[in-house]
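**Student:** The chain contents come next:
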Amino acid sequence: DTAVSQTPKYLVTQMGNDKSIKCEQNLGHDTMYWYKQDSKKFLKIMFSYNNKELIINETVPNRFSPKSPDKAHLNLHINSLELGDSAVYFCASSQEQLPSGYTFGSGTRLTVV
Amino acid sequence: GQQLNQSPQSMFIQEGEDVSMNCTSSSIFNTWLWYKQDPGEGPVLLIALYKAGELTSNGRLTAQFGITRKDSFLNISASIPSDVGIYFCAGRSPGTSYGKLTFGQGTILTVHP
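Heads up: the protein sequence lines correspond to chains A and B, in order.
Following my numbering, the numbering of the first sequence begins with 1 at its first residue and continues without gaps.
Following my numbering, the numbering of the second sequence begins with 1 at its first residue and continues without gaps.
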């Protein structure tokens, strides 16, 4: 029943590892996003995909690679993890012309040690 | 880039008190949104505003879209303990596509019983 679900909820990993976070939405939305929330709770957009096409890439290091196999899924792969990557990552979706329908997942807390 | 200044950064109030927080932007927006984030969860939409001067209520919450289109405020009346959380404003500027939102820094609300 969850509208935007992301897995895992928690991820603890060592520096240098590669990890993925998965996101799925069942709202029929055409646009999906990844946001990063830092330790000060600031939310910043990383990527946006519209119908599987990359639309927004906000100066994110190329170690971060989003993949959208279909418009209901947007996964985030991170290579060579660094300590500074520790944060909460939120997936979200919306129908492009209806920003009020912007729906967030419950977040993935990534801790790099 | 655009910046949203949200204030206050934090509030400590007694149950039953009214709360007011606001956001100001360096440029005009055509959409203002207010979200609440509970611990361990993603932000949830409270109120969406689409026209300058618009005043919208959702239960004990009231929000307004400023006439200048560069600001918005959120009021919570008769606060209760479950109002605790982080409140974010977010805006969408004219010509921005695919749901790109800019978020404020958040207001952390603590309600003492």
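FYI, nobody ran anything at the bench for these hints, they're computed from the structure.
This one's a predicted model, so the numbers in the text were calculated from it and none came from an experiment.
Treat the hints with care, as some may be off.
These stretches of chain A come out as covered by chain B in the derived footprint (C-beta under 8 Å, 3 or more residues) [claimed, not checked]:
1. 10-20
2. 45-58
3. 72-78
4. 82-94
Straight-line alpha carbon distances no greater than 20 Å define the calculated SDA-like cross-link-like pairs of lysine to any residue that follow [stated by the list, open to error]:
5. K41(A) / Q9(B)
6. K40(A) / S86(A)
7. K100(B) / S86(A)
8. K44(A) / P94(B)
9. K52(A) / K100(B)
10. K44(A) / D85(A)
11. K40(A) / P94(B)
12. K41(A) / D38(B)
13. K36(A) / P94(B)
14. K100(B) / M46(A)
15. K40(A) / I108(B)
16. K71(A) / K100(B)
17. K41(A) / V44(B)
18. K44(A) / Q105(B)
19. K22(A) / K67(A)
20. K44(A) / A78(B)
21. K52(A) / K71(A)
22. K41(A) / P94(B)
23. K41(A) / S7(B)
24. K40(A) / F12(B)
25. K100(B) / I45(A)
Note that beta-carbon positions come from the ideal geometry of N, C-alpha and C, so glycine has one too.
**Student:** Keeping to a limit of 20 Å between CA atoms, is the pair of K41(A) and V44(B) held or broken?
**Tutor:** Cα-Cα ~15 Å, so holds.
**Student:** Against the 20 Å threshold, does the CA-CA distance of K40(A) and S86(A) hold or violate the hint?
**Tutor:** holds, 12 Å
**Student:** Is the hinted pair K40(A) and P94(B) satisfied, with a Cα-Cα distance of at most 20 Å?
**Tutor:** Not satisfied, since the Cα-Cα distance of roughly 28 Å exceeds 20 Å.
**Student:** Report holds or violated for chain B covering the segment 45-58 of chain A, Cβ cut-off 8 Å, minimum 3 residues.
**Tutor:** Answer holds; 5 residues pass the 8 Å Cβ test.
**Student:** Are the Cα atoms of K44(A) and A78(B) separated by 20 Å or less?
**Tutor:** Cα-Cα ~31 Å, so violated.
**Student:** Within a Cα-Cα threshold of 20 Å, do K41(A) and S7(B) meet the stated pairing?
**Tutor:** holds, 14 Å
**Student:** Quick one, are K52(A) and K71(A) close enough, alpha carbons at most 20 Å?
**Tutor:** holds, 5 Å
**Student:** For the pair supplied as a hint, K71(A) and K100(B), is the alpha-carbon distance within the 20 Å limit?
**Tutor:** holds, 17 Å
**Student:** Holds or violated: the segment 72-78 of chain A covered by chain B, criterion of 3 or more residues with Cβ-Cβ distance under 8 Å?
**Tutor:** With 0 residues in contact (Cβ-Cβ under 8 Å with chain B), the coverage given for the segment 72-78 of chain A is violated.
**Student:** Would you check the hint for K36(A) and P94(B), treating anything up to 20 Å between C-alpha atoms as holding?
**Tutor:** violated, 24 Å
**Student:** Taking only the CA atoms, is the gap from K22(A) to K67(A) under or equal to 20 Å?
**Tutor:** holds, 9 Å
**Student:** Holds or violated: are the alpha carbons of K100(B) and I45(A) at most 20 Å from each other?
**Tutor:** holds, 8 Å
Comparing the model with each earlier hint shows violations of hints 1, 3, 7, 11, 13, 20 and 22; every other hint is respected.
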